[in-house]
Amino acid sequence: MNMKRMRGICALVAVLAIPILGLLFHTGTGNLSVFGIDGLAVICPVGALEAMLGSKGIVLRGVLCIALTVALVLVFGKVLCAWACPFPWLQKFFRRKKRRSAVSASSTSGCSGHCAGCGKALPPVGGKRDGLRLDSRHLVLAGALGSSAIFGFPVFCLVCPIGLTFTILIGVWHLFAFNETTWGLVVFPVILLLEVTLFRKWCTRFCPVSALLSLVSSGNRLFRPSVNPQLCLREDGTDCRACVNACPEKLDPHSDFIPECSKCGQCASACPAKAITFPLVRPSAGNKSK
Amino acid sequence: MDRREFCAGAIGASVLLLLGGGVRATASGAELLRPPGGYDQQALLGACIRCDRCRSACPQGCIALGTLEQGWINVDTPIMNFTRGICDFCGSDPAGPRCVRVCETGALGSAGPLDYIGCAIVDGELCVHCQKCVPVCAYSAIAWDDGTQLPLVDQEACNGCGACEYACPSDSFGYYGGAPHRAIYVVPEGGKR
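Keeping their order, the protein sequence lines are chains A and B.
Each residue of the first sequence is one higher than the one before, starting from 636 at the first, in the working numbering.
Each residue of the second sequence is one higher than the one before, starting from 53 at the first, in the working numbering.
Careful, some of the hints might be misleading.
As the list claims (entries may be wrong) - Computed beta-carbon distance windows for the label pairs:
(1) A:A812 / B:V239: 22 to 32 Å
(2) B:G73 / A:V807: 28 to 38 Å
(3) A:K836 / B:P146: 43 to 53 Å
(4) A:F711 / B:Q207: 51 to 61 Å
(5) B:P187 / A:I644: 50 to 60 Å
(6) B:M53 / A:L703: 41 to 51 Å
(7) A:N814 / B:K184: 21 to 31 Å
(8) B:R56 / A:L767: 16 to 26 Å
(9) B:P146 / A:P918: 43 to 53 Å
As the list claims (entries may be wrong) - Footprint (simulated), chain B over chain A, 3 or more residues, beta carbon under 8 Å:
(10) 666-672
(11) 686-700
(12) 703-709
(13) 767-775
(14) 785-791
Derived by calculation from the structure, the hints in this document are not laboratory data.
Cβ coordinates follow ideal geometry from the N, Cα and C atoms, glycine included.
Construct all of the structure, not just a fragment, from the sequences and the given hints.
In structure tokens form, the structure reads like this:
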């Protein structure tokens, strides 16, 4: 089973199956905002910080949940973005791809550009978003936290596309279960649709959840993409850029430090030489860059 | 961060500041009936991240979520609905109310007492004089007034569990928007405890 299908199944379970089981059986397991069994739970770190600033108080349980969440991000990196968040799937559904086709055509055709039999290894291309970044997302994050502190309630939660997805899901459920009609069933899908369609670069430009997760995942050392130098075409002088072009986060898996990596595996499936894997610990011999 | 990035971020941040201010300014400030431990509206709103766990965890199904009609600030926050069930404060469970146990941000639990929701009041116009509310009260807070032919609520004994509202047959088809409430119904009693 390829990674894309696995990601799809994971997202489907996280976004639909678990909340619907909760609606059916009163499990109290929650959804992506807070997910867990009784007191043991992972929490949306942005929501948790907003709640602390909004209520001007720190709850020990909240801190424990944040600690658990941070630990998970340290182990698995920014996987939420590719494996659970509904936003990229919604975007894929509502925005048919237009621009990718031109790029992907050139990506593997670049592999034929041999350098006249010299066989010398080429330096890594490098991704546009390699390394630790502080960008517009972090400004949005600061705005979300500041607004919550000033106005005394978690503000971003009102328009968070992840939260809105669940608001709509629960709203539709209540419509059928309790005959509960509300304008929210019209207004919130419109807001979500606007976010999905107007903000093409939501994930890399605006999302404060991604901003916070990428800061934490700079400490992530496990399950990083690893390029086998024996297989990589660049090692024998082919100017292949398939992995860099395939990466939705605009990273180069050859680079040592890519906290933005969401382990989506698109580089691995795009690699014509099947040189990219996600091992538990990345072998240090594979580090050719920098 | 180049200028374009900075502008995008600054616009995003200002939108969130405007949104927070706008939603706060247009909030009605009406007191809503909150689950145990969520009595203080401001404390609850400050910490609630609208995760839906309390509603999902409630074994009685009496927690509903706020809708847009109750103000954007209350969307998806927990609001008691005693036409769906009653609150027994999870009395058989030594660990306390499940809604409080699953709330990780302290929105329920640190925003009020764990054994008080509100207080029942009577709307004589809607009462059908069936006396069904009297025996269901586990706190013996309701007596029948033979003179007025209406239930009489002992405000000291009532903690707003909603058993009387749930049992009240008046406006049982209230989902279809008949009367605004049942003849006996629970209201948050302006900081009585």
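These are the hints, each one checked on the structure:
A812 (chain A) and V239 (chain B) have their C-beta atoms about 25 Å apart, which keeps the hinted 22 to 32 Å range intact. Between G73 (chain B) and V807 (chain A) the Cβ separation comes to about 30 Å, which falls inside the hinted range of 28 to 38 Å. Between K836 (chain A) and P146 (chain B), the C-beta spacing of about 51 Å keeps the proposed range 43 to 53 Å intact. Between F711 (chain A) and Q207 (chain B) the beta carbons are some 53 Å apart, a value that agrees with the proposed interval 51 to 61 Å.
Range check, P187 (chain B) to I644 (chain A): about 52 Å between beta-carbon atoms, so the 50 to 60 Å window is met. A C-beta distance of roughly 31 Å is found between M53 (chain B) and L703 (chain A), which places it outside the suggested range of 41 to 51 Å. Taken as a hint, the range 21 to 31 Å holds for the pair N814 (chain A) and K184 (chain B), whose Cβ atoms sit roughly 24 Å apart. Restraint check, R56 (chain B) to L767 (chain A): a C-beta distance of roughly 20 Å satisfies the suggested window 16 to 26 Å.
One distance hint, 43 to 53 Å for the beta-carbon pair P146 (chain B) and P918 (chain A), holds here, with the actual separation near 52 Å. Only when three residues or more bring their CB closer than 8 Å to a CB of chain B does the claim for the region 666-672 of chain A stand; here the count is 4, and the claim holds. Counting residues of the region 686-700 of chain A whose CB lies closer than 8 Å to any CB of chain B gives 10, which reaches the minimum of 3, so the coverage claim holds. For a cut-off of 8 Å, the count of residues in the region 703-709 of chain A with a CB near a CB of chain B stands at 0, and the three-residue condition is violated.
Only residues whose C-beta sits within less than 8 Å of a C-beta in chain B count toward coverage, and the region 767-775 of chain A has 7 of them, enough to reach three; the restraint holds. Counting residues of the region 785-791 of chain A whose CB lies closer than 8 Å to any CB of chain B gives 7, so the stated coverage by that chain holds, three being the minimum.
In this structure, the earlier hints numbered 6, 12 are contradicted, and the remaining ones agree with it.
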